[in-house]
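Undergrad: Spelled out, the chains give:
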Amino acid sequence: MQLEVSLGELAVRFGLKLQGEPGLKVNGVATLSHARAGTLSFLANSRYRRALESTHATAVLVSQADAALCPVAALIDANPYLAYSRIASLLHPPAAVPPGVHASAVVSAAARISPGVSIGPLCVIEEDAEIGERVRLGAGCIVHRGARIGADSLLTSRVTVYAGSSIGARCILHAGCVVGADGFGFAADQGTWVKVPQVGSVRIGDDVEIGANTTIDRGAIDDTVLEDGVKLDNQIQVGHNVIIGAHTAIAACTGISGSTTLGKRCMIGGMVGFAGHLTIADDVVVTGCSLVSASIHNAGSYSGGMPTVATRRWRRMVAQLRRLADKER
Amino acid sequence: MQLEVSLGELAVRFGLKLQGEPGLKVNGVATLSHARAGTLSFLANSRYRRALESTHATAVLVSQADAALCPVAALIDANPYLAYSRIASLLHPPAAVPPGVHASAVVSAAARISPGVSIGPLCVIEEDAEIGERVRLGAGCIVHRGARIGADSLLTSRVTVYAGSSIGARCILHAGCVVGADGFGFAADQGTWVKVPQVGSVRIGDDVEIGANTTIDRGAIDDTVLEDGVKLDNQIQVGHNVIIGAHTAIAACTGISGSTTLGKRCMIGGMVGFAGHLTIADDVVVTGCSLVSASIHNAGSYSGGMPTVATRRWRRMVAQLRRLADKER
Amino acid sequence: MQLEVSLGELAVRFGLKLQGEPGLKVNGVATLSHARAGTLSFLANSRYRRALESTHATAVLVSQADAALCPVAALIDANPYLAYSRIASLLHPPAAVPPGVHASAVVSAAARISPGVSIGPLCVIEEDAEIGERVRLGAGCIVHRGARIGADSLLTSRVTVYAGSSIGARCILHAGCVVGADGFGFAADQGTWVKVPQVGSVRIGDDVEIGANTTIDRGAIDDTVLEDGVKLDNQIQVGHNVIIGAHTAIAACTGISGSTTLGKRCMIGGMVGFAGHLTIADDVVVTGCSLVSASIHNAGSYSGGMPTVATRRWRRMVAQLRRLADKER
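Protein chains in written order, with the numbering used here: chain P, 1 to 329; chain A, 330 to 658; chain D, 659 to 987.
Derived from the structure by calculation, the hints contain no laboratory data. Take these hints with a grain of salt, some might be off.
Unchecked claim - Cut-off 30 Å, straight-line C-alpha distance, at most; resulting in silico cross-link-like pairs (DSSO-like, lysine-lysine):
1. P/LYS327 <-> A/LYS656
2. D/LYS853 <-> A/LYS593
3. A/LYS524 <-> P/LYS264
4. P/LYS195 <-> D/LYS922
Let's have the full structure, built from the sequences with the hints guiding it.
TA: Below, the structure is given as structure tokens:
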């Protein structure tokens, strides 16, 4: 059974201006080019407005500036993508998960399980772990002793949370992510390495999302911290004692070395590498594949790396650069 | 019990020219330098032909050009490495896995399990999942509701396939890979982020291999697509709505940002970063550690990045480049 | 119950010089800035000696040179960080794990389990696997047939060890790491790829640590080898037939392509990419985010990559470099 909502109802519920017939109904979302009758689409970037012309959507979310070009019904908002995100959540709700503990899950009698919790097949919850109200754990999640998962959080599948880590409310953690493994700490001893015990923990705020196979190390002594609203994509590495400021978003494959602090509301591209012990200001943007080897003290956009060209030309670039450096010695 | 095959039989079965005694037998493969009597080796690249001289292999797969130098029996083919791959598969068959469902697996009564399937210990198969004929799932695999695994595919161990994802026939997925987790989509709302539901799925063709801990995100609205014969190494990240053309091979640690399309038969090195919304032509080669920030419209070889030199020289290179840029402002 | 130890006892046990009252007691470690009474801190780098002034630690591990500045009791050693690592291990011992096999684990009757082993919930141990004395497997570990885990090793949680892999004594493997998945080997056949069976294995020495979600591929024919004392951080990729020399330490997200050999006692930064078939000498240091595309024959420090600057300046750098290369054609 699919939910069907009228444009009039959407306009009222989400405070949108409607251009067109309020009785028209939509039951799902679609891209402009693949939309069929009964779907709602959106135009977030005016650059792509030509795609409006040929759409078969029943209605499109647009800005006021683009509304005149819309050949079908339009729902108008200053931020069409934000309005889209909310309507899409309404039309495509997550599958309902009834509360309860699957018979195959291994739950310690000494764990604290709040009401309304759903624990999927083959999960492991160790002693003194604390699972907040309405938390949902998909299949195969492991919550080690003394870890805490805040209310309404979702561990989708096969998430590992190490002992003592703390995760806030309304967080989403995807498959394969690991919270609280040991940081990388060794003391040199005559050509060999002696392990430095990692006795800190991980503290994650509310409304944080963590992508698949991302790893967040526990602190060496103090804690590793992700503040509220941080969004991490897949395969990100967060070293011990890193602090990530509230509402910072980081794209996939980025690595942050130990003890680096990122400011609030930063936007970090994919495959960026941060050296350790840096301080990055609030509202910093770093483009993808940059090597950040020094602290950044001011908001703004930063970049590194040498973008791809034809291999022959690249060889000349590298050769010229080496020549230049060797000449000026 | 080890399989033993005569050179004569191999020559006939694989259409090879034999130089030497047809009755000689081999029972395994080896590198030229570590070969012992009874093994078959190969020389794929004439540059290394000196290694032929001292080999103890019983026979070597070589090209016609190198056959004269081979001091032992030679099996001759235009593509010795391809012939090697086929003979190695014959001599080292995968361990046979009897069909059946392990008692510890949690299989929904509403899953569709085809004949000849093998489901290992502690697997989870949710409702409406569809497991094709002769599929083998190693220990700890999770197939969420409505996902589909095509005939003769192998999920080696601890693979996660999210709801609704579709995987073709004869695919191989390695441990820790995650198919169909949410893409990274958020709408900005006054300094915070609102999750954009990821309602697309993942469609994977036939004969695809996916390495350990690789992640392939589901589409935001339309699907993420891997066409037939794509080969992905370990720890690759494939963003939402990426399309990878047939028979493209990608080395480890590469990341592909959302909505980028790669052509057919591309060869992508390790740790390459692709920006989002790019189009890469068919038959493109990108060397390792390149940052691809613009579309590539023609077949050919492309490179980026600044290769490693002594740290002192590197510092001069960086300084010179900055000087040059600042001077010309 | 927390262990409490007197400074006098620590001085005797670890061969340290004590400046202050031997009867003072400590029960845990802390950073200089967050220390409270009853804790022990350390100063490893004289650059940060100003932090001594305001510490509330009961005692601080320092070098002789910094001891005069220490306002509280001092434990003096030539290598304070090494002494710290040992005392921290004493004060923060890992949680004791009683031997035994959890009822939910699936252990083959044909596996060889030594005395004193602890096998956690939902582990899978296949036939002919060999688990050494006092090995501890946390929840959800999978040890495939014929794999070997040496005495006193710890697989913390959800580790996957493929068939036939061998791991030495006193190793630590973190969640999500995968040992022995297939290497990335395919032979070209008229625009498609034919899988080359990966018949080698993985051999890991003693005292090796492997981080979360790190992947170590089995060899194509010969084995992939990690020698004694190697330390690998999270999300590292080790390709087939790589050899890593004893006591080499590698930071997170680094990738090593197939058949490359790293020397002993190397220190490799994070997100470094090694091309295949290289030889790296002993005692080489490579700084983070470097692209190593050629062998390195001498000990020393090496670097690559173009560090991050303001995006506008970076655009000029890239443009200048391209101009220079095109001019000199």
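Undergrad: Now, for every hint given, state plainly whether the structure supports it.
TA: These are the hints, each one checked on the structure:
1. A distance of roughly 18 Å separates the Cα atoms of P/LYS327 and A/LYS656; the hinted pair therefore holds under the 30 Å criterion.
2. A hinted pair counts as satisfied when its Cα atoms are at most 30 Å apart, and D/LYS853 with A/LYS593 qualifies at roughly 18 Å.
3. Taking the CA atoms of A/LYS524 and P/LYS264, the gap is near 18 Å; set against the 30 Å cutoff, the hint holds.
4. For the hint linking P/LYS195 to D/LYS922, the alpha-carbon distance of about 18 Å falls within 30 Å, and the restraint holds.
Checked against the numbered hints above, the structure violates none of them.
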